[in-house]
Amino acid sequence: MSAGYCNISLERGDFSLHAEFEIPARGVLGIFGHSGAGKTTLLRCIAGLENDARGQITLNREHWLTARRSTPAHRRNLGYVFQDGRLFPHKTVEKNLDYGIRRNRPRAAGNAIDPEHLLGLLAIGRLLQRKPHELSGGEKQRVAMARALLKNPDILLMDEPLASLDDSRKREILPYLERLHDELNIPMLYVSHSLPEVARLCDDMLVLAHGRVVFAGTTHAALVDTASPLSHARNAAAVLEGAVIEHDGHYKLTTLQTAAGNRLLVQSALAVGQKARLRIKANDVSLCLSRPAGTSILNILEGVVTERIDEDDGTVLLKVDCAGDELLVRISRLSYSALTPACLHRSNRSRSAGNARCHKNRNSPDSTSAVARSTDPIAQTARIASPARTAYEACSWRHAAPARPPPNYPPGGLPLGFFWKLTYAHTCCTVYLQLGGP
5 MSAGYCNISL ERGDFSLHAE FEIPARGVLG IFGHSGAGKT TLLRCIAGLE NDARGQITLN
65 REHWLTARRS TPAHRRNLGY VFQDGRLFPH KTVEKNLDYG IRRNRPRAAG NAIDPEHLLG
125 LLAIGRLLQR KPHELSGGEK QRVAMARALL KNPDILLMDE PLASLDDSRK REILPYLERL
185 HDELNIPMLY VSHSLPEVAR LCDDMLVLAH GRVVFAGTTH AALVDTASPL SHARNAAAVL
245 EGAVIEHDGH YKLTTLQTAA GNRLLVQSAL AVGQKARLRI KANDVSLCLS RPAGTSILNI
305 LEGVVTERID EDDGTVLLKV DCAGDELLVR ISRLSYSALT PACLHRSNRS RSAGNARCHK
365 NRNSPDSTSA VARSTDPIAQ TARIASPART AYEACSWRHA APARPPPNYP PGGLPLGFFW
425 KLTYAHTCCT VYLQLGGP
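Counting with our numbering, you get residues 5 to 442 for the letters of the sequence shown.
What the hints contain is simulated information worked out from the structure, not anything from laboratory work. Keep in mind that a hint or two might mislead.
[Unchecked claim] Calculated lysine-lysine pairs in the DSS-like style (CA-CA distance at most 25 Å, straight line): (1) Lys95 <-> Lys135; (2) Lys285 <-> Lys174; (3) Lys279 <-> Lys256; (4) Lys279 <-> Lys174; (5) Lys135 <-> Lys99; (6) Lys256 <-> Lys285; (7) Lys135 <-> Lys174.
[As the list claims (entries may be wrong)] Computed spacing ranges between beta-carbons, pair by pair: (8) Ile105 <-> His67: 26 to 34 Å; (9) Asp18 <-> Ala167: 18 to 26 Å; (10) Arg16 <-> Gly318: 38 to 46 Å; (11) Asp316 <-> Glu120: 54 to 62 Å; (12) Gly277 <-> Asn64: 31 to 39 Å; (13) Asp207 <-> Gln133: 31 to 39 Å; (14) Ala29 <-> Ile301: 39 to 47 Å; (15) Gly129 <-> Glu306: 14 to 22 Å; (16) Ser339 <-> Gly129: 23 to 31 Å; (17) Asp18 <-> Arg183: 35 to 43 Å.
Quantities reported herein were computed from a predicted structural model and do not represent experimental measurements. Here a beta-carbon is modelled for each residue, glycine too, at the ideal position from N, C-alpha and C.
Working from the sequences, and respecting the hints, build out all of it.
Here is the structure:
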């Protein structure tokens, strides 16, 4: 369900921003990208802080930006949390919070936020008589979040609220952000360049590069879909949703059951019934063609390889479906060739054909696919789980503009982060994944 719609354009010198997306009615929409991608600029446009922004912004049927007018920033019912908190240094925490309460206005959707409940949710009741210089970095950000929420906003914008904190302070504040996500019925936009952060907190994601939305979808899709740049990052990972079903007090291990029914052991003291999100790095998963025996690894899943991509750094990225849970596996090309002796030769031959024949974005209406007519080589040494399928697609570029650039891309060429890649629909074969951990 959507609470709003944005179609924003901004031109500033040699930088341009063009972003079109919907705002979910509830949950956290992550805006991810590297420095200079346009994340903060996009947030400032939504907040009404960029006078040159053009397009359309609608939230709860209120039109904040149209072709004819722009609602001033102070009349947009939103909360904004900056990187540094920006508390009034001469006021106590209580007086800072009063500033938000005095600007409270009825929300267009949902109930008002209860101040007492919010103080407990963020654990700041004991800080009320302190001044900002007496607070830790994490405490300052929690107070800043409370002040923004006490305005009773229709949307909360958070611009890298953890960027100025060290790792220990980040670990301190992340549980409070999760509480806000779980208990408050308010849409949130969360800007970050930290992949672990957005994987932990966000329900949906926009991936920005050079002022353009290069991927939009659920957090799970943004992490594992091979069309998303995040699946090719060195710290690529998949996220699985689950719930605690058992805790072993003797071995100090907790059993999580994913939504697809897989069971995994983790070292955590979560309560039975508590929901959890598990992040599994592609580099922490090994691949076997038969079920491992005599290993210290406790988490072993059976799955089917559905896609393979030869990366430029000598690694192979595999997408594996484990009875409904999709995981990424990154192994060296040498390791892959040991499993499938013919794969390197065949991969190189198919890659050349793909480069020669494919010059369009596969997501554009006039997309062209390069087809490699060969069954997947991994089937030579694995037992077949379903009939063979042929390789099905190759997509397009690396650092050079095609003859006809796709819509919404910068005229000077394609942004960094786009890859020459060859994606295969694998012959479905059973493999076994060993997940690093207990």
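Each hint tested on the structure:
About 6 Å separates the Cα atoms of Lys95 and Lys135, which keeps this hinted pair within 25 Å; it holds. The hinted pair formed by Lys285 and Lys174 meets the criterion: a straight-line CA distance of about 20 Å does not exceed 25 Å. Between Lys279 and Lys256 the CA atoms are separated by roughly 18 Å; this keeps the pair inside 25 Å, and the hint holds. A distance of roughly 21 Å separates the Cα atoms of Lys279 and Lys174; the hinted pair therefore holds under the 25 Å criterion.
Among the hinted pairs, Lys135 with Lys99 is consistent with the structure: their alpha-carbon atoms are about 9 Å apart, no more than 25 Å. Distance restraint check for Lys256 and Lys285: the Cα-Cα separation of roughly 23 Å lies within the 25 Å cut-off, and the hinted pair is therefore satisfied. For the suggested pair Lys135 and Lys174, the alpha carbons sit about 21 Å apart, so the restraint of at most 25 Å is met. Under the hint 26 to 34 Å, the C-beta atoms of Ile105 and His67, about 27 Å apart, fit the expected range.
As the Cβ distance of Asp18 to Ala167 is approximately 25 Å, the hint placing it in 18 to 26 Å holds. Between Arg16 and Gly318 the CB atoms are about 39 Å apart, so this pair conforms to the stated range of 38 to 46 Å. Between Asp316 and Glu120 the CB atoms are about 55 Å apart, so this pair conforms to the stated range of 54 to 62 Å. Judged by the Cβ atoms, the range 31 to 39 Å given for Gly277 and Asn64 holds: they are separated by roughly 34 Å.
Remark: the range hint 31 to 39 Å for Asp207 to Gln133 is upheld by a beta-carbon distance near 36 Å. One distance hint, 39 to 47 Å for the beta-carbon pair Ala29 and Ile301, holds here, with the actual separation near 41 Å. For Gly129 and Glu306, the hinted distance range of 14 to 22 Å is not satisfied, since their beta carbons lie about 49 Å from each other. Against the hinted window of 23 to 31 Å, the Cβ-Cβ separation of Ser339 and Gly129 comes to about 54 Å, which falls outside the hint.
Under the hint 35 to 43 Å, the C-beta atoms of Asp18 and Arg183, about 42 Å apart, fit the expected range.
Taken one by one, the earlier hints fail for this structure at numbers 15, 16, listed in ascending order.
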